[in-house]
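Given next are the chains, with one letter for each unit.
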Amino acid sequence: MNTVLDLLVSAPFWVAVLRVATPLVFGTLGVLWYERAGVLNLGIEGLMVVGAFSGWFAVFLGLPLWAGVLVAAGVAALFGVLHAFLTVTLALSQHVAGLGITMLATALSYFAYRVAFPKVSTPPTVTPFAPMDWLPIPVLREQTPLTLLALVLVPLLAWVLYRTPAGLALRMAGENPKAVDSQGISVARVRYAAVVSGSALMGVAGAFLTLAAFNAFFFNMVNGRGWVCVALVVFAGWQPGKALLGALLFGFFDALQLRLQQADAGALPHQVYLMLPYVLSIVALVVASRRARAPQALMKPYIAGER
Amino acid sequence: MRLEARAHPGWHDALRAGVLALVAVMALAAGLVAVAGAPVGRTFGLVLDGAFGSVFAFTETLTRAIPLIFTGLAATIAFRARLFNIGAEGQFYAGAMAAVAVGGGALGEPSPAVFLAMMLAAAMVGALLLLGPALMKRQWGVDEVVTTLLLNFIVLLGVSALLDGPMKDPLALGWPQSVALPPELELSRLVPQTRVHSGLLIGLAAALGLWALLRFTTWGFDIRATGANVRAAAYAGVPVTRTTILVALLSGGLAGLGGAVEVAGRAGYVTLDMSPGYGYSGIVIAMLAGMHPLAVVAASVLVAGVLVGADSMSRQAGVPTYLADAVVAGALLSVLAAAMLSRYRLRFDTR
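Protein chains in written order, with my numbering: chain B, 13 to 319; chain X, 1011 to 1361.
Take these hints with a grain of salt, some might be off.
Computed from the model, here is a short list of chain B residues facing chain X with C-beta under 7 Å [as the list claims (entries may be wrong)]:
id, residue
1, Val108
2, Met115
3, Arg126
4, Val127
5, Gly236
6, Leu286
7, Tyr290
8, Val298
In case anyone wonders, no lab produced these hints; they're calculated from the structure. C-beta: ideal position from N, C-alpha, C; glycine also.
Isolated chain B (complex conformation):
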């Protein structure tokens, strides 16, 4: 009991919580943004892989770190264009198209990695983002600027979503696309914008892994984080503030399982601890699904002139 208390007042613990939460904040905001416009995104796992690879590769080739982040966002956005074409223009099943995007993006990233580094077993590292040690705020000064960006994005996205005409159009496209159409605004255009910009956020989520957390690109490095984001959006009831809360809660339990695993030293198989985040995501999904209300037009393609 005492050790748990020690943990809760230890700064390194909270530093870890925020670090684990950062990619989830980007990813969850991306999914939320998408889904508010009425498009389900199961491409996130692949878009994170693509972001992780392309951002890291750009920096490896000599671009500055922030340019790497932009490359990650840009490449993921290109996949977003493809996803939008399939789901918005062609009105394909959003489930299957998203999974297809994940498979394609993952395979292409791994392919490109193997073409660039045919025989490498230990992946080359890059110099990652430095912590912001000039900041006077304790836990935050141990983080990279990407974490700060994630934290700033939450209120920014909430403001755009709830306080601007563009945000209103986006929410309406997810609730009642017919109403958007009758205002003379193209539902397709709104959804394309949401999908492409949301995809860019997912690319940044991946870039955080290679440019701030692990300094290199590994196979299977995203490891279900994308799917966790999809669960977190339901948990958050499609609200940006609660999405941040969910990501932090997830980071809390992930950092906790790591400490418990170290403290326990072999009493339980380490895999049991590694399972906890996924189990927790399912529990959160069950708890939240009973009261959460998804956007009304989520997963419903809109074809002008059809009912």
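Keeping the supplied structure of chain B fixed, place chain X upon it in accordance with the hints.
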């Protein structure tokens, strides 16, 4: 751009869309080969040759098709009832694990009864893994896509824990590998000196059975009705919850059985790299097959051919095998797009 329904979609619309899809996939493959710096024509030849070029190559393709038939059927039956089972990967591993647990000596001397118990246990474990998400979907509206996806990670970690601990083969020199099945419980070879095994016949029987179930039985009707429109089906008196449970048991059971067949037909023991994503490829196969159980067999052989051919091509031409995964994913997307475009046309105008 917008979609406009074709007034009378005909065979030439379908043909044109199909050719377009094929061209798109070939262009993707050619582009990737060119990026890897290999000659495109020769590399394509190597893939074909490695997959279908000799009796041995073809038996390798058939061997690889066996697990895909099971996961493809698992996806097919679930998608027919609009239950998105993305958890076949986990169900497959759980089934394989159950098979070695039951067949590995727990029930005593190997016998046909032990073999049956082994297959049944595998199917049951797979079925149970999908039952939870299916019930949560029906009772509380929990999206089954995310729960089944997350379960894959949980099951794989569980298998990893078992292979490190209670199920570890003490003779495997520290390698995470399960105890092996006795040779009597392994499936026999269909062609001597190759790896293709009688699991293929079990897979074909499963495909036929599923086709008959969907086509000729009341259950099949209930499944199709539930998939077409849950509300209308419930209104018409279809027992929707019971149907969903039945579908979950069948789909998870098929994926679990696939794991057992793979373990009994191939290595005889379970390792963590036993499936290079058969569960996920099953989804692609179901879609390529238009969710028709018999077409699943053909689609499985095709996809297996791409995978096996790419393996062999990779060894000779030095193009990474991930080419195959990209081509399969590209095929999924372009075939879906083609199916849509054979019924609708794209209009390029504003609004």
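Verification of the supplied hints:
1. Val108: 6 Å, holds
2. Met115: 4 Å, holds
3. Arg126: Arg126 (chain B) check passes; min Cβ-Cβ to chain X is 4 Å, inside 7 Å.
4. Val127: Nearest chain X Cβ about 5 Å off; hint holds.
5. Gly236: 5 Å, holds
6. Leu286: 5 Å, holds
7. Tyr290: Holds. Min distance 5 Å.
8. Val298: Since chain X brings a Cβ to about 5 Å from Val298 (chain B), closer than 7 Å, the hint holds.
Violated hints: none; the structure is consistent with every hint.
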